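Participant: As you go down the protein sequences, you meet chains A and B in turn.
Under this note's numbering, think of the first position of the first sequence as 1, with each following residue one higher.
Under this note's numbering, think of the first position of the second sequence as 1001, with each following residue one higher.
Treat the hints with care, since some could be wrong.
[Unchecked claim] Subject to a maximum C-alpha distance of 25 Å in a straight line, what follows is the list of computed PhoX-like cross-link-like pairs (lysine-lysine):
#1 Lys82/A / Lys1184/B
#2 Lys64/A / Lys1176/B
#3 Lys119/A / Lys140/A
#4 Lys1144/B / Lys1118/B
[Unchecked claim] What follows is a set of in silico ranges between Cβ atoms, one per label pair, in the way DEER data are often shown:
#5 Arg99/A / Ile1173/B: 35 to 41 Å
#6 Pro1148/B / Arg99/A: 52 to 58 Å
#7 Gly62/A / Ala1081/B: 25 to 31 Å
#8 Ser1169/B / Asn86/A: 18 to 24 Å
#9 Lys1162/B / Glu14/A: 50 to 56 Å
#10 Glu1139/B / Tyr32/A: 45 to 51 Å
#11 Val143/A / Asp1112/B: 46 to 52 Å
#12 Asp118/A / Ala1081/B: 33 to 39 Å
#13 Lys119/A / Thr1132/B: 54 to 60 Å
#14 Asn86/A / Ala1081/B: 25 to 31 Å
#15 Glu14/A / Ile1173/B: 33 to 39 Å
#16 Lys82/A / Leu1077/B: 18 to 24 Å
Derived by calculation from the structure, the hints in this document are not laboratory data.
Computed from a prediction, not measured in an experiment: that's the story for all the values here.
The beta-carbon is built from N, C-alpha and C at its ideal position, and this holds for glycine as well.
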Amino acid sequence: MVKAKDFWNYLCGELDYRFFAGVACPGLSPLYKKMKPKFMHYVPAVNERIGLGIVSGAYMAGYKGGLLMDMAFAYDLTSFIKFNVNNRIPLLVIGYGDRDSALTYDFPSEFINGPTYDKKIRKVATASEFEKIPGLIVIKEGVLS
Amino acid sequence: MKRYTVIKHFMDLLHENDILIFSGSELCKEAYQYKNNNCFYIEDSVGTAAAFGLGMAMCTDKRIFVFLGEGELLRELGVIAQIGASKCSNIFLVLLDNGGYQTAGGYPSVFDSVLSKKGLIFNSNTKVITFTKHFRDKEFKRLKDRFPRLMGPMVILMDVDKGTKKGLSKININLKIQRDNVSKFILDSTKETAMFVPPILPMPDVETKTLDIDMLNTGGNN
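With these hints in hand, go ahead and build the complete structure from the sequences.
Facilitator: Following this line, the structure appears as structure tokens:
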């Protein structure tokens, strides 16, 4: 199991990702419940594309950020993040789903299915920052608590 | 008035500290003729430009002007509600309404069939204003005084003529350099104003002190 509180502590405290946007998704509900408004900024977006734009804009102003999204959009993820790939704007896309939705893309991605999530997140975050492209973190359904 | 001319006058009216985002291939091409370090061109935006500008506006005190066509706005109409909800006073959408998709030969958009364009925007809690008449009457001197006082979130509706400027050169920019230039421009704090309230609070590292009533009493007796 992955504790949502620890997940945020790691992402905000260790990796300095502080600016998030997204659309409420049932699979990620533990993350929404354990958000730390003092250490991070979350923008409830109208839809995922707008959320993506907001996080990308925040990056331009110096804030690393991520997008919480429903992986129902995963089938179109490559075209969805084209803006970021073209303009070399990194961000973390965090969704929930199965292993396949994490490993079908040619940008940094990891599948989290257990407590050793920290190394995986760091790997994706580092690669995303280094290559200036989006990174994808897919959390297995039911792993978050 | 032609879109090319409207853009030129707009750029003259804006402050050097403002950030300009242009969305759409033809619009970018026209704006590129007046290129500057504070301009960000998104040729294939597909509805991201306004949200991108809003993200910037949330994290800086600099004014962000996003220039887009009505077709682009219709694609992501929800962004109007998002901008209204943000209450960011430094985000402005400059809606250049020419009634159609210029890249598709001027094929008409559905924006003209909207009952009230202003109402559509206003009901999303976003201010809406138009300077079409002022531009047509060439009242630029008056506008020069008014523009620094504009407060968002605001949509500036501008009616422009159909058609695009012919014979313009293709945009030749390295997107990575463009990103770095604009980012550097935003982060240049030497020009920031006192308006800015950072969205993210710093980590609490100071110990809180409680009020000592005894100390107050002592002070009063003396």
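Participant: Of the hints stated earlier, which fail here?
Facilitator: none
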